[in-house]
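There are 2 protein chains.
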Amino acid sequence: MKSKVPLLNIITRYILKRKGKQIRPLFVFLCAEVCGGTSESSFTGASLIELLHTATLVHDDVVDESFHRRGLFSVNALWKNKIAVLAGDYLLSKGLLIAIENNEFNLLRIVSEATREMSEGELMQLEKARKLDVSEAVYFEIIRKKTASLIASCCAIGASSAGADQQMVKQMHTCGQAIGIAFQIKDDLMDFDMNSQTGKPKGLDIKEKKMTLPLIYMLGELDYLQRRKIIHLIKYNHNDQEKVKKLVEQVKISGGIDYAEKKMKEYQQQAINILSGFPESEAKKSLENLIRFTIERKR
Amino acid sequence: MKSKVPLLNIITRYILKRKGKQIRPLFVFLCAEVCGGTSESSFTGASLIELLHTATLVHDDVVDESFHRRGLFSVNALWKNKIAVLAGDYLLSKGLLIAIENNEFNLLRIVSEATREMSEGELMQLEKARKLDVSEAVYFEIIRKKTASLIASCCAIGASSAGADQQMVKQMHTCGQAIGIAFQIKDDLMDFDMNSQTGKPKGLDIKEKKMTLPLIYMLGELDYLQRRKIIHLIKYNHNDQEKVKKLVEQVKISGGIDYAEKKMKEYQQQAINILSGFPESEAKKSLENLIRFTIERKR
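The listed protein sequences derive, respectively, from chains Z and G.
Just so you know, the first sequence maps onto residues 1 to 299 in our numbering.
Just so you know, the second sequence maps onto residues 1 to 299 in our numbering.
If we strip away everything but chain Z, and leave its shape as in the complex, we get:
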């Protein structure tokens, strides 16, 4: 990542300090092992994916005007939007360049489809956030594009980098997609968890007018007038702490949390089922554990 531009080196060093769980490269490596073994390509693929994901986070913070990320300041908080947008572009093109220089055109094909779907998914979510008319079907389409497409790419890239055939790559892609959907439902659910410091549920998604699965489920159970009332609350009173707290309670009582948990486990099971077709190995056990982690994690 070393560049001739000193400012860029400072930024990339800073980003490295706050690197996250790096769960996406893990999926690349474990899927490669399950499909025959990691290769030089697996490393290229893992780098490509992590750079792309990091670029997205840097842009997300600009987009959301977030000044914190993983306990540290965000890039835009320290260097302003201007530099953060450019740094994100740089990370993205650097990732693509690594793949191109290594003639990894299969990996590129897998990943570029995901990149397009990710921005489509984000934009769909923003569009729907204005009207709040998100059906369950639309919800699943958004999270499939926004979150699951990249994790699907990780698994497909892992398989492809191990020399797997087209059919196996496709299976792994489907497996990763199911993992990604479960991962996002988990994210949604955590927003209803108690905050360990304040003892209150966070409800951040509601404040950002994001329609999550537990909420969508509840809305489906209500009659027209009740639904209108809640949509009105989300639209115009999403900053009223008390009202948001009440809404969170209401979602819990409606069975929305249970429903989302059920769905999450269905997708988890779907991923595990696909894996069961692969021979037993240490890597497969680790991959199963990693899948379990995605739905049991606390952050």
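Mixed in with the good hints there might be a few duds.
What the hints assert, rightly or not - Which chain G residues stay away from chain Z? Per the calculated CB distances, all over 12 Å, these:
hint, residue
1, G37
2, M168
3, K202
4, I216
As the list claims (entries may be wrong) - Here chain Z is said to cover these stretches of chain G; the calculated rule only asks that three of the stretch's residues, wherever they fall, bring their Cβ under 8 Å from a Cβ of chain Z:
hint, region
5, 3-17
6, 60-66
7, 89-100
8, 106-117
9, 275-281
Since the hints were derived computationally from the structure, they do not count as laboratory data.
Idealized CB from N, CA, C, for every residue including glycine.
We have chain Z already, so just place chain G on it with the hints.
Below, chain G without anything else, positioned relative to chain Z:
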């Protein structure tokens, strides 16, 4: 460009309404003709380049907080930064996807190098803008990366898409780089031109603390104390209309404009000289005219 996300379709339709000179695709097509003839690849390359360039403009407007572009509102003015950053990412990935789907890996290789250089160049410029310590050598490195690398790519892509050999592709790349440098010096010079409506020079670059060639030349002619005084003015009084106007006058008197014009013409001549090695044709004449246009244009 049609997408399943309605908001994206509205944005791309809007962007199409304010399409610019589309000078970059022109370079692709004319260079292809000069090197043996346009092919299907030339169209892919031209689309890739124009999408990438448009993505950059959309991000630039976010970065510069510009609310106007080509006489219409900018994307971020109409839809906010959030959507503009995502729309830019979408355009970029869509461009790459078109190339990948068409197995145009040579074109991708040429263009991805330019993408990286473009963000490096922009970041270098921002970094230097804080200290204002831009030597002529640094200035040329910045504009080579920021502007000339993409035009160099256009010419190289044109040649490559016509089936030219490595050496010819490289020649065209060098030719495009010279054109791009002349193009940027012209941009710098236009900032010292009279505004047709107000009759005053624009001096926008000074207001944005951008060091342009005429200014850098003048600073080189001054002694230490005079130079400090002017740097102080740019740093702290760049919003003082009267002072900026005086500075513009001073640059003119110093011979900075003449010097920049001389340099611009040298680069133009360099490009024409490279072309002289290619056989005469209608396309070559058009390309020469287009090069002339880059330094004679009024906007």
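A quick look at each hint next to the structure:
no. : hint    : verdict
1   : G37     : holds, 26 Å
2   : M168    : holds, 21 Å
3   : K202    : holds, 21 Å
4   : I216    : holds, 19 Å
5   : 3-17    : holds (count 6)
6   : 60-66   : holds (count 3)
7   : 89-100  : holds (count 8)
8   : 106-117 : holds (count 6)
9   : 275-281 : violated (count 0)
Hint check: a violation occurs at hint 9 only; the rest are consistent with the structure.
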